[in-house]
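Participant: First to last, the sequence lines map onto chains A and B.
Take any residue in the first sequence, count from 1 to its spot, add 469: that is its number in the numbering used here.
Take any residue in the second sequence, count from 1 to its spot, add 25: that is its number in the numbering used here.
Keep in mind that the hints were calculated from the coordinates and are not lab data.
Please read these numbers as outputs of a predicted model, since none were measured by experiment.
Among the hints, a few may not be true.
Stated by the list, open to error - Here are some of the chain A residues that sit facing chain B, going by a computed Cβ distance under 8 Å:
| hint | residue |
| --- | --- |
| 1 | 479 |
| 2 | 481 |
| 3 | 483 |
| 4 | 486 |
| 5 | 550 |
| 6 | 566 |
| 7 | 571 |
| 8 | 620 |
| 9 | 696 |
Stated by the list, open to error - Chain B residues, not near chain A, derived (Cβ > 12 Å throughout):
| hint | residue |
| --- | --- |
| 10 | 54 |
| 11 | 82 |
| 12 | 91 |
| 13 | 135 |
| 14 | 186 |
| 15 | 208 |
| 16 | 216 |
| 17 | 243 |
| 18 | 244 |
| 19 | 254 |
| 20 | 255 |
| 21 | 266 |
| 22 | 348 |
For each residue, glycine too, the CB sits at the ideal point set by N, CA and C.
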Amino acid sequence: MAALEVRGLRKQFGGVVALNGIDLDIGTDQVVGIVGPNGSGKTTLFNVVTGVHPATGGTVSWQGQDITNLGPHRIARKRLVRTFQQAMSFPGLTVDENVRIAWEQGRMGGSRWASPGMILNFVGLAPLGRAIAGSLPFGSLRRLGLAVALGVSPELLLLDEPGAGLNDSEAQAFAAVIAQLPPQGIGVCLIDHDMDMMSDLCDRLIVLDFGTKIAEGLPAEVLADPKVREVYLGPDKKAAAS
Amino acid sequence: MPMTDNSAGKTGAATEGVRARDRLALLTADNAAVPLPAGVQAITAILLAVLLIALPWLGLGYRFLSIAITTLYTAIGLYGLGLQFGQAGIMSVGHAALMGVGAYASAILSVQLGLGFWTSLPFAMALSAIVGGVIGLPTLRVGGQHYIIITFCFCALFVIVLTNGGTFTGSATGLDVGSVTPLPGINFDKLSNNYYLVLAALFLALAATYLIGNSRYGRTLRAIRENEQLARSVGINVDLHKLGVLMVSGLFAGLAGVLQLYYLRHISPTLFGAFPSLYLALMVMLGGARYLYGPLIGAVVVNFLPEVLNLDPVDSRIAYGVCLLLVILLLPGGVGAGIKNVYCAVRGGFEKQGGGTNGRA
């Protein structure tokens, strides 16, 4: 049984169906990638799973417990933690305090980190501990976003485009940090558009289109799937000509 | 090449300009997030405590001591406001009404049931806290300016209710109480003893503010102030903590209100209306809500300014307005921020703060 089980998840915003019956199984020992064109429902999926938006239908269960429509803070306390598409921090506070806030929240029931400093070391922000978060360069701010999420001591991290806005070398360094998480028992579910990085990093890829899962499997298989190629590259020229 | 020389000269001048501006920016910045060294904090605390304790012995006269008492009980209320605004980011312009809840609760308990200062104090504080929480319920739905308007409405309503409360609230004339029940050997009819009573309460408020500011609870509040969505996503129950801090703020307001009641011995609705509420908001912004001594500084400035400059009430209102504008434009962190920045500058913090990445303050 996978740690996170999503069954028939639906989300409607008025007449717009953002998620149309999604089924997912995500364990805590893998990196699972979610890809899809803009507007395919990737971020909405995260928002509904983490309780930011209520689900219209379907269920989300985490470690055998039903967590559908639980408040975001209660889901985070169950160590299912997400990050945001925009680089988020507590901008007026120091980097140390940013991470300490999350660490103190995750400390109940035991944290995997003995101190907030360990998390800063892990993501490579230790030298910037006394800097004000709002003054950080963008690459460091992305790392801080990850550090804050890790601070809660998660068992599964939902990362919403962690590499967005990073240059190639920064994105590679970031991917290297993410790759270290599953061996430590922190599962990762990741949204990104960088297909090269995703196929290197992910054990499994899930493709969404118009709120429906259209493919799932090993990255190489999924990327070779004609349905996926059609979504990403438009209809096949030969098919269109015939 | 002449071209290169020319541009190099320009760059040099520009760098100088930027440096000067950086220095000004450092002097006016709000650097509440960067802690001062423990030694500096301890010395400041001791000096302040000695000054405040020695005040009645300095022979400054009856009038000065009266204003000092007013300043201190106002400051106690301001520490509650400082907590909800400075730490949790929830501003109120109806805070005097919350002090009024405490003052009137205590006065009514005295008139109706004959309860004295000490016995009515816990009830008054509890009631202020509850009322603070109830007015806070709308913060769960609206924030910022909308909530400020709600607090202002509460303040206006409160005065109307008091004025029309008949003999129960004393209507427009208000209520009278006796003096503080004496403790063994201490008679609070003596002004200096009343001063020490208020001062003891101020020390409690300061200690509570310091402890909260440096605790996990304080960090939780700051997280909510800085980014509610992120705070939720790390497991903080934002709604609960918003109501919680408003209730804690209400406790401070209740304490301040009862001290005000027993210092004045007579209260009337106008003491807790729109103007006093706006003054409280002015003081907390002027002093710097995020700084430990900010609310106290704000109370001192606003209460002593007309005295020092010899202003009549109308002129002093104009002076307050000018002060507030100056602080908002030049020193967004309040006078507290200015003092801390000047200290950092004197200690040569400029170079160390350069780039804003390694701010030792």
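Participant: A separate judgement is required for each hint: does it hold in the structure or not?
Facilitator: Comparing the hints with the structure gives:
Because the closest C-beta pair between residue 479 of chain A and chain B is about 23 Å apart, greater than 8 Å, the hint is violated. Proximity of residue 481 of chain A to chain B is violated relative to the hint, the smallest CB-CB distance being about 22 Å (cut-off 8 Å). Residue-level restraint check for residue 483 of chain A is violated (minimum Cβ-Cβ distance to chain B is 21 Å; threshold 8 Å). Checking residue 486 of chain A against chain B by beta carbon gives a least distance of about 25 Å; that is not within 8 Å, so the hint is violated.
Contact between residue 550 of chain A and chain B, as hinted, is supported at the beta carbon level, the nearest pair being about 7 Å apart and thus within 8 Å. Taking 8 Å as the C-beta contact cut-off toward chain B, the hint placing residue 566 of chain A at the interface holds, the least distance being around 6 Å. Given the 8 Å rule on beta carbons, the hint for residue 571 of chain A holds: about 4 Å separates it from the nearest Cβ of chain B. A least Cβ separation of about 7 Å between residue 620 of chain A and chain B falls short of the 8 Å threshold, and the interface hint therefore holds.
Taken as an interface hint, residue 696 of chain A does not check out: its beta carbon lies about 33 Å from the nearest beta carbon of chain B, beyond 8 Å. A Cβ of chain A approaches the Cβ of residue 54 of chain B within 12 Å, the least distance being about 10 Å, so the stated non-interface status is violated. Non-interface status of residue 82 of chain B relative to chain A is upheld: no Cβ of that chain comes within 12 Å, the nearest being about 41 Å off. Taking the minimum C-beta to C-beta distance to chain A, about 38 Å, the non-interface status of residue 91 of chain B holds against the 12 Å cut.
Under the 12 Å C-beta cut-off, the non-interface status given to residue 135 of chain B relative to chain A holds; the minimum distance is some 43 Å. Look at residue 186 of chain B: its CB is around 36 Å from the nearest CB on chain A, clear of 12 Å, so calling it non-interface holds up. Every CB of chain A is more than 12 Å from the CB of residue 208 of chain B (nearest about 40 Å), matching its label as outside the interface. For residue 216 of chain B, the shortest C-beta to C-beta distance to chain A comes to about 42 Å, beyond the 12 Å cut-off, and the non-interface label holds.
Non-interface call for residue 243 of chain B relative to chain A: violated, since the shortest CB-CB distance, roughly 10 Å, does not exceed 12 Å. The beta carbon of residue 244 of chain B sits about 5 Å from the closest Cβ of chain A, which is not more than 12 Å, so the claim that it is off the interface is violated. Separation of residue 254 of chain B from chain A is inadequate, the least Cβ-Cβ distance of about 7 Å not exceeding the 12 Å criterion. Chain A draws residue 255 of chain B into its interface by the beta-carbon criterion, the shortest separation being 5 Å against a cut-off of 12 Å.
Remark: the non-interface label on residue 266 of chain B conflicts with the geometry, its nearest Cβ contact in chain A lying 10 Å away (cut-off 12 Å). Residue placement check: residue 348 of chain B keeps its beta carbon more than 12 Å from all beta carbons of chain A (closest about 24 Å).
Hints 1, 2, 3, 4, 9, 10, 17, 18, 19, 20 and 21 from the list above are not met by this structure, while the remaining hints are.
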